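Peer 1: Make a model of the complete structure from these sequences and hints.
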Amino acid sequence: MGSQPGPSRGPGGPRREGGGGGGGARRQYARRRKVCRFCAERMDYIDYKDARLLGQFIPERGKILPMRTSGVCAPHQRRLMRAIKRARNIALLPFASDV
Amino acid sequence: MRTYEVMFILKPDLPEEEAERIITQMEAVVTSTGGLLRKTDRMGRRRLAYFVRRYREGQYVLLEAECEAATVLELERRMRVAEPVIKFQSVRIDEELKRASKLQQARSKSSARRKSKRGAERGAASAASPA
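One line per chain: the protein sequences are W and D, in this order. Here the first sequence is numbered in our numbering, starting from 498 and rising by one per residue. Here the second sequence is numbered in our numbering, starting from 53 and rising by one per residue.
Calculated directly from the structure, the hints in this document are not laboratory data. Please read all numbers here as calculations on a predicted model, not as lab measurements. Don't take each hint at face value.
[What the hints assert, rightly or not] With a cut-off of at most 25 Å between alpha-carbon atoms, the simulated SDA-like pairs for lysine to any residue come out as follows:
no., chain 1, residue 1, chain 2, residue 2
1, W, K582, D, A164
2, W, K560, D, Q141
3, D, K161, D, K91
4, D, K91, D, Q156
5, D, K91, W, L550
6, D, K139, D, E109
7, W, K560, D, Y102
8, D, K91, D, E68
9, W, K560, D, Y107
10, W, K546, W, K560
11, W, K531, W, N586
12, W, K546, D, E147
13, D, K150, D, A121
14, D, K63, D, M95
15, W, K546, D, A71
16, W, K546, D, A164
17, W, K582, D, L125
18, D, K139, W, S594
19, W, K546, D, R151
20, W, K560, D, E109
21, W, K582, W, P572
22, W, K546, D, R94
23, W, K531, D, A152
24, W, K546, D, E116
25, D, K63, W, P591
26, D, K161, W, F535
27, W, K560, D, R106
28, D, K154, W, D541
29, D, K63, W, S594
30, D, K154, D, A164
31, D, K154, W, R579
32, D, K91, D, K139
33, W, K546, D, S163
34, D, K150, W, R579
35, W, K560, D, R98
36, W, K582, D, K139
37, W, K531, W, E557
38, D, K139, W, D547
39, D, K150, D, A122
Peer 2: Here you go:
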């Protein structure tokens, strides 16, 4: 009971600093947001014939890269998906690559 | 009238004059049924992403035409029958092109404003950095 005066105690100091100043110092954003490539380049039409462009969105296995990885926005991901599927149909891109 | 892109793949070992004949035949189908041929593009030999009728390569040909649906049906029927054609795909593109041009127009309208704004920002930044 006699040792109650907090301010002089060791743990009290840092805690007050952390707790008192924490409201302002707390990080608000954990991760930087990725920007959609197609929005940045102002691409309105994703061409299925452009195999080199589409190839950047299919990893080795041949699957479509999820937008949470690539950062592509929803409208562009939809167009991209359609373009990739068309390209697959005409053998420009693989349905599934080996290995 | 709608705009279509018809892509087909010819056998890689097909002689040049044979390929030419098939292409002119397809073009004739478009024009004879009242369609307007926009362009014919021979994309050349390419490696296929997977085996198609035991071929690993093919000659890609692209037709772009404004025509009716019946024309595309006739084209597809012929390609199915034609022996040197190993794969084909027709895609309707007018709606997507319309949408793209619309977006582009809207963008060019606002780009002038945005440009002047960005220029002002850049000027302020370069003025601040030397200090």
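Peer 1: Taking the hints in turn, state whether each one holds.
Peer 2: Quick rundown of the hints versus the structure:
For a cut-off of 25 Å, the pair hint linking K582 (chain W) to A164 (chain D) is broken: about 36 Å separates their Cα positions. As the CA atoms of K560 (chain W) and Q141 (chain D) are separated by approximately 21 Å, the hinted pair is consistent with the 25 Å bound. For the hint pairing K161 (chain D) with K91 (chain D), the CA-to-CA distance comes to about 30 Å; that exceeds 25 Å, so the pair is violated. At roughly 23 Å between alpha-carbon atoms, K91 (chain D) and Q156 (chain D) fall within 25 Å of each other, so this suggested pair holds.
Taking the CA atoms of K91 (chain D) and L550 (chain W), the gap is near 23 Å; set against the 25 Å cutoff, the hint holds. Using a Cα cut-off of 25 Å, the hinted pair K139 (chain D) and E109 (chain D) holds, with the two alpha carbons roughly 12 Å apart. In summary, the hint linking K560 (chain W) to Y102 (chain D) is supported, as the alpha carbons are separated by about 15 Å, within the 25 Å threshold. Among the hinted pairs, K91 (chain D) with E68 (chain D) is consistent with the structure: their alpha-carbon atoms are about 19 Å apart, no more than 25 Å.
Between the alpha carbons of K560 (chain W) and Y107 (chain D) the distance comes to roughly 23 Å, so the proposed pair stays at or under 25 Å and holds. Distance restraint check for K546 (chain W) and K560 (chain W): the Cα-Cα separation of roughly 18 Å lies within the 25 Å cut-off, and the hinted pair is therefore satisfied. As the CA atoms of K531 (chain W) and N586 (chain W) are separated by approximately 30 Å, the hinted pair breaks the 25 Å bound. For the suggested pair K546 (chain W) and E147 (chain D), the alpha carbons sit about 17 Å apart, so the restraint of at most 25 Å is met.
A threshold of 25 Å between alpha carbons decides the hint, and for K150 (chain D) with A121 (chain D) the separation of about 18 Å falls inside it, so the pair holds. Among the hinted pairs, K63 (chain D) with M95 (chain D) is consistent with the structure: their alpha-carbon atoms are about 13 Å apart, no more than 25 Å. For the hint pairing K546 (chain W) with A71 (chain D), the CA-to-CA distance comes to about 21 Å; that is within 25 Å, so the pair holds. As the CA atoms of K546 (chain W) and A164 (chain D) are separated by approximately 32 Å, the hinted pair breaks the 25 Å bound.
Taken as a hint, the K582 (chain W) and L125 (chain D) pair is honoured in the structure, with Cα atoms around 21 Å apart against an allowance of 25 Å. For the given pair, K139 (chain D) sits about 20 Å from S594 (chain W) by alpha-carbon distance, which is consistent with the 25 Å threshold. Between K546 (chain W) and R151 (chain D) the CA atoms are separated by roughly 18 Å; this keeps the pair inside 25 Å, and the hint holds. Of the supplied pair hints, the one linking K560 (chain W) and E109 (chain D) holds, its CA atoms being roughly 22 Å apart against a limit of 25 Å.
Distance restraint check for K582 (chain W) and P572 (chain W): the Cα-Cα separation of roughly 16 Å lies within the 25 Å cut-off, and the hinted pair is therefore satisfied. Note on K546 (chain W) and R94 (chain D): the hinted pairing holds, with a Cα-Cα distance of about 13 Å set against a maximum of 25 Å. Between the alpha carbons of K531 (chain W) and A152 (chain D) the distance comes to roughly 24 Å, so the proposed pair stays at or under 25 Å and holds. For the given pair, K546 (chain W) sits about 13 Å from E116 (chain D) by alpha-carbon distance, which is consistent with the 25 Å threshold.
Restraint check for K63 (chain D) and P591 (chain W): the C-alpha separation of about 19 Å stays at or below 25 Å, so the hint holds. Under the criterion of a C-alpha separation no larger than 25 Å, the hint pairing K161 (chain D) with F535 (chain W) is consistent with the structure, at around 19 Å. At roughly 24 Å between alpha-carbon atoms, K560 (chain W) and R106 (chain D) fall within 25 Å of each other, so this suggested pair holds. With a C-alpha separation of about 9 Å, the suggested pair K154 (chain D) and D541 (chain W) falls inside the 25 Å cut-off, and the hint holds.
Distance restraint check for K63 (chain D) and S594 (chain W): the Cα-Cα separation of roughly 22 Å lies within the 25 Å cut-off, and the hinted pair is therefore satisfied. Taking the CA atoms of K154 (chain D) and A164 (chain D), the gap is near 17 Å; set against the 25 Å cutoff, the hint holds. Of the pairs offered as hints, the one joining K154 (chain D) and R579 (chain W) holds, with about 20 Å between alpha carbons and a cut-off of 25 Å not exceeded. Restraint check for K91 (chain D) and K139 (chain D): the C-alpha separation of about 20 Å stays at or below 25 Å, so the hint holds.
For the hint linking K546 (chain W) to S163 (chain D), the alpha-carbon distance of about 29 Å lies beyond 25 Å, and the restraint is violated. Our distance criterion of 25 Å between C-alpha atoms is met by K150 (chain D) and R579 (chain W), whose separation comes to about 17 Å. At roughly 21 Å between alpha-carbon atoms, K560 (chain W) and R98 (chain D) fall within 25 Å of each other, so this suggested pair holds. Note on K582 (chain W) and K139 (chain D): the hinted pairing holds, with a Cα-Cα distance of about 15 Å set against a maximum of 25 Å.
Annotation: proposed proximity of K531 (chain W) to E557 (chain W) holds, straight-line Cα distance about 22 Å (limit 25 Å). For the given pair, K139 (chain D) sits about 18 Å from D547 (chain W) by alpha-carbon distance, which is consistent with the 25 Å threshold. Simply put, K150 (chain D) and A122 (chain D) have alpha-carbon atoms about 22 Å apart, close enough for the 25 Å limit, and the pair holds.
Checked against the numbered hints given earlier, the structure breaks hints 1, 3, 11, 16, 33 and satisfies all the rest.
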